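> What follows is the residue order along each chain.
There are 2 protein chains.
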Amino acid sequence: MRTFKITVAYDGVDFAGWQIQPRRTTIQGMLERALVKLTGQRVAVTGSGRTDSGVHALAQVASFRTPNWRATAADLANAMNVHLPPTIVVLECVDAPDDFHAIADAVGKRYRYQLQIGGTRSVFDYRYCWQIHGDIHLDAIAAACESFVGQHDFSSFQGSRSPRKTTVRTVRACDLLRESTSLHHGERIVIEIEADGFLYNMVRNIVGTLIEVGKGKHDPSWIADVLAARDRDAAGPTAPPQGLFLQRVDYRPFA
Amino acid sequence: MRTFKITVAYDGVDFAGWQIQPRRTTIQGMLERALVKLTGQRVAVTGSGRTDSGVHALAQVASFRTPNWRATAADLANAMNVHLPPTIVVLECVDAPDDFHAIADAVGKRYRYQLQIGGTRSVFDYRYCWQIHGDIHLDAIAAACESFVGQHDFSSFQGSRSPRKTTVRTVRACDLLRESTSLHHGERIVIEIEADGFLYNMVRNIVGTLIEVGKGKHDPSWIADVLAARDRDAAGPTAPPQGLFLQRVDYRPFA
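Residue numbers (the UniProt record's numbering), protein chains in the order written: chain A, 1 to 255; chain B, 1 to 255.
This is chain A alone, in the form it adopts within the complex:
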């Protein structure tokens, strides 16, 4: 029996999210289908976490175990890619310790959320960003971002599906980045959030709340009140899925 760790990128547009569901095309489902073809047996693939329909990944991590692969791990990555659609790619496959587990061993994650502020809508980017109309105060968003950093109870930012036992997480970074854009297309901004772990819909709820601040509906100091409320209704709306990218999942190096 060998244990593998794979790093996977995918465009979430065509998929009903990560997790296998009956009669839906999912990323986990496509990976397991490729592994059945290559190993002749059903192999359960464990992702570091689920992503919703329309959410993308630059480097999702997953693990699985099989006795039926004799070539190198790199060969397995190449072989899987032959059996995957063009919107899913295995970037890396390595042999992992027997007890490696993509969920339990993750020590941190970083997400990236792309937004376009103003300008004519971009026909090429609409699947990959949230388009915001009207004036947005970026300095206010940057100030509000700082309130998320540190250890907090994120109950106010937890979606109602998949509640967790503890809602305390440590956010290590919450940064507003401005990127250059081309003619017509307004301003591209990116919000990157890194934490030891995330609650369901936590990034999309944080981004939706930050945009309320950016629109001037609340001051940046409102974020502290929302955190203190421990009530989902206290925060802003959930940002749409297409702007969200799982950027990185961190693990301790193998011994």
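Honestly, I wouldn't trust all of these hints.
Quick list of in silico lysine-lysine cross-link-like pairs, DSBU-like style, CA-CA up to 35 Å [to be verified]:
1. A:Lys37 <-> B:Lys215
2. B:Lys217 <-> B:Lys165
3. A:Lys165 <-> A:Lys215
4. A:Lys217 <-> A:Lys165
5. A:Lys215 <-> B:Lys37
6. B:Lys215 <-> B:Lys165
A few chain B residues facing chain A, derived, Cβ under 8 Å [as the list claims (entries may be wrong)]:
7. Ala9
8. Tyr10
9. Asp11
10. Phe64
11. Pro86
12. Thr87
13. Ile88
14. Val89
15. Leu91
16. Thr120
17. Arg121
18. Val123
19. Tyr126
Short derived list, chain A residues pointing at chain B, Cβ under 7 Å [stated by the list, open to error]:
20. Pro86
21. Thr87
22. Val89
23. Thr120
24. Arg121
25. Val123
26. Tyr126
27. Tyr200
28. Asp233
29. Pro237
30. Tyr251
No lab work stands behind these hints, which were simulated from the structure alone.
Quantities reported herein were computed from a predicted structural model and do not represent experimental measurements.
Even glycine gets a Cβ: it sits at the ideal position worked out from N, Cα and C.
Use these hints to put chain B onto chain A, whose structure you have.
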């Protein structure tokens, strides 16, 4: 009766090309559907040329005439965008002379063809470039590009559909551009071709032929032979549609 000139961008992925077809979603069809809603009458939209299924446009130009619009041309662009899908956008709408015609008055066009050479396939770019595996000699492609510039009979590069009376065209520029890319994704190259007009599939046939040179199957001097042959079978294969963007259509300024 007013005559309008519109500049339109679209992502070709979701469409069966520009031209209206029964039971297919096309760009021309979506524009005419929007105009029926806004003017209460059927309005025929004339594009500067057709684009095939999967081909994109950064700035296609089209013209149409209607007596049923009383607000400004800019208002018409905004109103059309409300009724168009997110993958089509009217970038500009201006009043044009009564006799303006998007096909007849075009004096030049520029196309852009995107390729990715080597590297792991990009899940986000596969709808927008042609991925080439193996070694490619870029210097040979750059040398071969020069052979296309000038006035030539392009019969060898004309697709069998929609033959034209004259196959002589003047290519004003045929340039190989190298663009920076991110980790994993090999080298992004772009071939831009500008001419007074193009035959059906001419850009895709030129690109497919240039890649034969890049793979070392022929020397750059072969291009002159292919042009002289005036025979489609003498040239290379047709490059796939998803790498192709109509970049610009040029007209003389209105008097």
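> Each hint needs a verdict: does it hold in this structure or not?
For each hint, the structure was consulted:
1. A:Lys37 <-> B:Lys215: Distance ~32 Å between lysine 37 of chain A and lysine 215 of chain B Cα, so the pair holds.
2. B:Lys217 <-> B:Lys165: With a Cα-Cα distance of about 32 Å, the restraint between lysine 217 of chain B and lysine 165 of chain B holds, given a limit of 35 Å.
3. A:Lys165 <-> A:Lys215: holds (33 Å)
4. A:Lys217 <-> A:Lys165: holds (32 Å)
5. A:Lys215 <-> B:Lys37: Holds, at about 32 Å.
6. B:Lys215 <-> B:Lys165: holds (33 Å)
7. Ala9: Holds. Min distance 5 Å.
8. Tyr10: Interface hint status for tyrosine 10 of chain B: holds (6 Å vs cutoff 8 Å).
9. Asp11: holds (5 Å)
10. Phe64: For phenylalanine 64 of chain B, the interface hint is violated, since the closest Cβ of chain A sits about 20 Å away, which is over 8 Å.
11. Pro86: OK, holds: proline 86 of chain B within 8 Å of chain A, min 4 Å.
12. Thr87: holds (5 Å)
13. Ile88: At 6 Å from the nearest chain A Cβ, isoleucine 88 of chain B passes the 8 Å test, so the hint holds.
14. Val89: holds (5 Å)
15. Leu91: holds (6 Å)
16. Thr120: holds (6 Å)
17. Arg121: holds (6 Å)
18. Val123: holds (5 Å)
19. Tyr126: holds (4 Å)
20. Pro86: holds (4 Å)
21. Thr87: Threonine 87 of chain A check passes; min Cβ-Cβ to chain B is 5 Å, inside 7 Å.
22. Val89: Holds: closest Cβ of chain B sits about 5 Å from valine 89 of chain A, inside 7 Å.
23. Thr120: Result: holds, 6 Å to nearest chain B Cβ.
24. Arg121: At about 6 Å, which falls below the 7 Å cut-off, the nearest Cβ of chain B leaves the hint on arginine 121 of chain A intact, so it holds.
25. Val123: The hint holds - valine 123 of chain A has a Cβ within 7 Å of chain B, the shortest such distance being about 5 Å.
26. Tyr126: holds (4 Å)
27. Tyr200: violated (24 Å)
28. Asp233: It is violated, given that the least Cβ distance between aspartate 233 of chain A and chain B is near 30 Å, above 7 Å.
29. Pro237: violated (20 Å)
30. Tyr251: violated (19 Å)
Checked against the numbered hints listed earlier, the structure breaks hints 10, 27, 28, 29 and 30; every other hint is satisfied.
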